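A.B. asks: In order, the protein sequence lines correspond to chains A and B.
With our numbering, you'll find the first sequence wraps up at 668, consecutive numbering, no jumps.
With our numbering, you'll find the second sequence wraps up at 288, consecutive numbering, no jumps.
I should point out that these hints are in silico values taken from the structure, not numbers from a laboratory.
Here the structure is a predicted model, which means the values were calculated and not measured.
Fair warning: there could be bad hints in the mix.
Said to hold, decoys possible - Residues from chain A that keep clear of chain B, each with C-beta distances beyond 12 Å, as calculated:
no.	residue
1	39
2	305
3	442
4	501
Unchecked claim - Distance windows between CB atoms, simulated:
no.	chain 1	residue 1	chain 2	residue 2	range
5	B	120	A	416	15 to 25 Å
6	B	34	A	538	50 to 60 Å
7	A	22	B	30	49 to 59 Å
8	A	380	B	120	24 to 34 Å
9	A	78	B	204	53 to 63 Å
10	B	196	A	22	34 to 44 Å
11	B	119	A	85	48 to 58 Å
12	B	204	A	539	55 to 65 Å
13	A	38	B	119	50 to 60 Å
14	B	236	A	65	32 to 42 Å
15	A	517	B	283	31 to 41 Å
Even for Gly, the Cβ is constructed at its ideal location relative to N, Cα and C.
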Amino acid sequence: MPSPVLDVRALSVQFQTSEGPLRVLRDVTFDVAPGETFGLAGESGSGKTTLGYTIVGALAPAARITGGEIRFDGRDLLTETEDQLRRIRGRRIAMVYQDPRSALNPTMRIGAQIAEVLEIHERPPAGAAMRRAHELLELVNIADPVAVARRYSHQLSGGMQQRAVIAMALAAGPSLLILDEPTTGLDVTTQARILELVADLKRRVGAAILYISHDLAVIAQVADRVGVLYAGELVEVASTPDLFREPVHPYTRGLLDALPQLDGVHGLTPIDGRIPKLTALPPGCVFAPRCRFVEPACTAATPPLARVASGRQVRCVRWQTVIATPRRPMAEAIAPPAAGRDAPLLAFEHVSKHFGGAGVVGQWCGMGAPPVRAVDDVSLDVRADEIVALVGESGCGKSTLGRLAVRLLRPTAGRVRFAAQKPTDAQIVFQHPDSSLNPMKRVGASLVRPLVLRGVSRPERGRRVRELLQAVRLDPDDAARRPAALSGGEKQRVAIARALAMAPTFVVLDEPVSALDVSTQASIIRLLAELRRTLGASYLMISHDLSLVRHVATRIGVMYLGRLVEIGAAAEVFRAPSHPYTRALLSAVPRPDPAAPGRPIRLEGTVPSAQHPPAGCRFHTRCLQKIGRVCEEVEPPWERASATHWIACHIPIVELSKNREGNAS
Amino acid sequence: MWRSPTLAAGGTILVVVIAMGLAAPWIAPYPATEQHMLDRLKPPGGRFVLGTDQYGRDLLSRTLAGARPALALGLGAVALGLTLGVPIGLAAGYVGGRFDDLVMRVVDAMLAFPALLLALLIITALGASTVHALLAIGIANAPGIARIVRSASLALREAEFVLAARVRGERHFYVMFGEIFPNVLGPVIVEATLRVGFAIMAGASLSFLGLGVQPPTADWGLMIREARQYVFLSPWPLLVPGTALAVTIVAFNLFGDGLRDRVGAA
């Protein structure tokens, strides 16, 4: 085995805070060989980003390295002088961060930014730097490098921006490339292409890659070996096939069981408890308080890294028992409600919502931009007692539709009918835990307000607030806490309780778990499913996560660029016949299984502007199954695949049914 | 508070100034308007710690008494400015769209107009008095406050807790004052503190021009106005109230700047 490019040994990092030292990383040991991709997985608070920063030497001033060494090409980076470090960083080690927008200089053209990196490190002859920049852009699969090099970052889509950042990182020919959540915030189809690029880079440039992500499914696609980080400790290291086939550490098992699988059956098993506060670490094993294999030996001392097999290590004293125990029989699948009752509770009737654009006068004078067609002529029913999910990539209009349903927006055309006594019987739960609660109000105050509106008597209110908190599995005493003192999952529970307080019959869930960690995600989704049963309400769930939706929805609608392109019972949408866009979307979903078959269908180009949507079928500019002029000129008709399954496409259903490969069963 | 020297210094001076103003009748050696015709324009020392003015009135006593109209006018005018500016700013930020455009253009027009000139116009129309000066300065402060509140609430307009309040059918009045207002309070308090200093200054300017507090009330602006003619005979009647005015305004500014750093506002 070649000597590792990066060799981290017993690394510990502390943050000095007013509440005492925070031991963010403790005794972390791993290495990355040349040409190898090492995946570092961890939830929020695991210390994974701090680890990346420590390696590139960009730690905050409050951080202190309290032990260990970071060997890069055999030299300990922690003992090098500032001057030597500067030469290593940037040239030999490059880092790509999550948000490409903040990594690119908005005032410089892309080509010039890449050329600048080359000039700093190599001082090439005039003109050579720009030629090299074009080559680098080509290396990251940018089809027209010369044109892209001339653009500014805001003229590129998110996926293109991230490629440009990767090109910049590769400019100096690094031997170690650190990617910190490079696809978080990108759409699945874009993510699939970036992951493909990362996998190819390994072959093309031979650099070692450290890939940091919270998403195990993504890591399964790109990594050769995986390290799992929990509350600052590396709890398991294994090759990717081993880790996903037979996870040894109870935490790794928990994480994998929490991931929703595309089959709609496996996954979504929550891990009990929550990640410990770094100010109050439990004695012994950090995972012990949440572990079902716990015994007295676990809390006596921090377990050492035990060697399970060659290249497989686990920080667990009971790993032999864990291995002998079959994986936890997965928690009962969330049974989505069967077909709802016949009468539609909420009906979108040819609803359109256009934003902005020049007014009547402006258009008459021929000035101004056309409006953004966020939602265009969508008809959809949500019946009583069912969960309808809307999926699609960012900008497809799914959130706009959700806001139309709860009257936050008024349709530009068409109408939204709601068959309930009061308009406030429709409620909504939003995506961002940090913005969903008023930061100035205590939890109790946030929950009392809806009760006041409903005319609940004063003495009754306190009791109802306690009941609401219990219903979302929070402590009734949490009423006195402020949102800043709650975790993301707890905030989301309060937001759910606040919506419940209105006793709604219809709830819009706008990406209710996408800002949460996997283990929290599972418990919130289960809570929502259970509450729906007790309330007898209907949900309209908006999500970009197809695997998640597969578990909870009765029916699924797929949207693209303001249009509904397919609607059907959950199982129907996941198998042929499907709309070509649905197919591409499904194939792009990363699976926590390195052996998952098939490469994703590559969608060319980017989503067109909603100001100038293509004529005919809106998907025709990217469709791989386009049949000809008819797609460009004629709006696709709704084809009937079954009584509940409809597809808007020109291709006959019989043809669409042949597309079996690439779809999940 | 003690971790920030600016905040601590400003706060301490303010407490002293306010305490002295409140306690003036009891701690002043002489009544503020009592004349000692034999001891006119005395330098500091002897019976009169800080000297006397052209009528033989004790400067220390008058300066202590002068803190009251200054503080009352500064705080009162800003309170009036808040009463007018906060609802306007909240409404503009929350309603948005054309209403916001219209309100903000009016605010821009008012901001483009020099505040003192605006105050002068109002007083010319209403007549010179302390109450009218307060009214004038208060109105002149309203547009600036409205602008601050508007930009802070604009950012919260699409916050999810605000949307949730609308979905559950809250009245617009509640959404503005119950949900948005508590979250813009930080920047508003900072802005108001800084503005008290300016309002005191404006009040003193109006008194100096003879358009505010009327003689023989003890008031710093008025004292400076009267002392101006005798400055070559004795600088003390000008220096003493001038220093009091400067110290008070600096204290409000220090306190406001310190608060701004703490609140992390604009």
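A.B. asks: It remains to establish, for every hint, whether it holds in the given structure.
C.D. replies: Here is how each hint holds up against the structure:
{"no.": "1", "hint": "39", "in the structure": "holds (42 Å)"}
{"no.": "2", "hint": "305", "in the structure": "holds (37 Å)"}
{"no.": "3", "hint": "442", "in the structure": "violated (7 Å)"}
{"no.": "4", "hint": "501", "in the structure": "violated (7 Å)"}
{"no.": "5", "hint": "120(B) / 416(A): 15 to 25 Å", "in the structure": "holds (22 Å)"}
{"no.": "6", "hint": "34(B) / 538(A): 50 to 60 Å", "in the structure": "holds (57 Å)"}
{"no.": "7", "hint": "22(A) / 30(B): 49 to 59 Å", "in the structure": "violated (24 Å)"}
{"no.": "8", "hint": "380(A) / 120(B): 24 to 34 Å", "in the structure": "holds (28 Å)"}
{"no.": "9", "hint": "78(A) / 204(B): 53 to 63 Å", "in the structure": "holds (55 Å)"}
{"no.": "10", "hint": "196(B) / 22(A): 34 to 44 Å", "in the structure": "holds (37 Å)"}
{"no.": "11", "hint": "119(B) / 85(A): 48 to 58 Å", "in the structure": "holds (54 Å)"}
{"no.": "12", "hint": "204(B) / 539(A): 55 to 65 Å", "in the structure": "violated (35 Å)"}
{"no.": "13", "hint": "38(A) / 119(B): 50 to 60 Å", "in the structure": "holds (57 Å)"}
{"no.": "14", "hint": "236(B) / 65(A): 32 to 42 Å", "in the structure": "violated (59 Å)"}
{"no.": "15", "hint": "517(A) / 283(B): 31 to 41 Å", "in the structure": "holds (35 Å)"}
Violated hints, listed in ascending order, are 3, 4, 7, 12, 14; each of the other numbered hints is respected by the structure.
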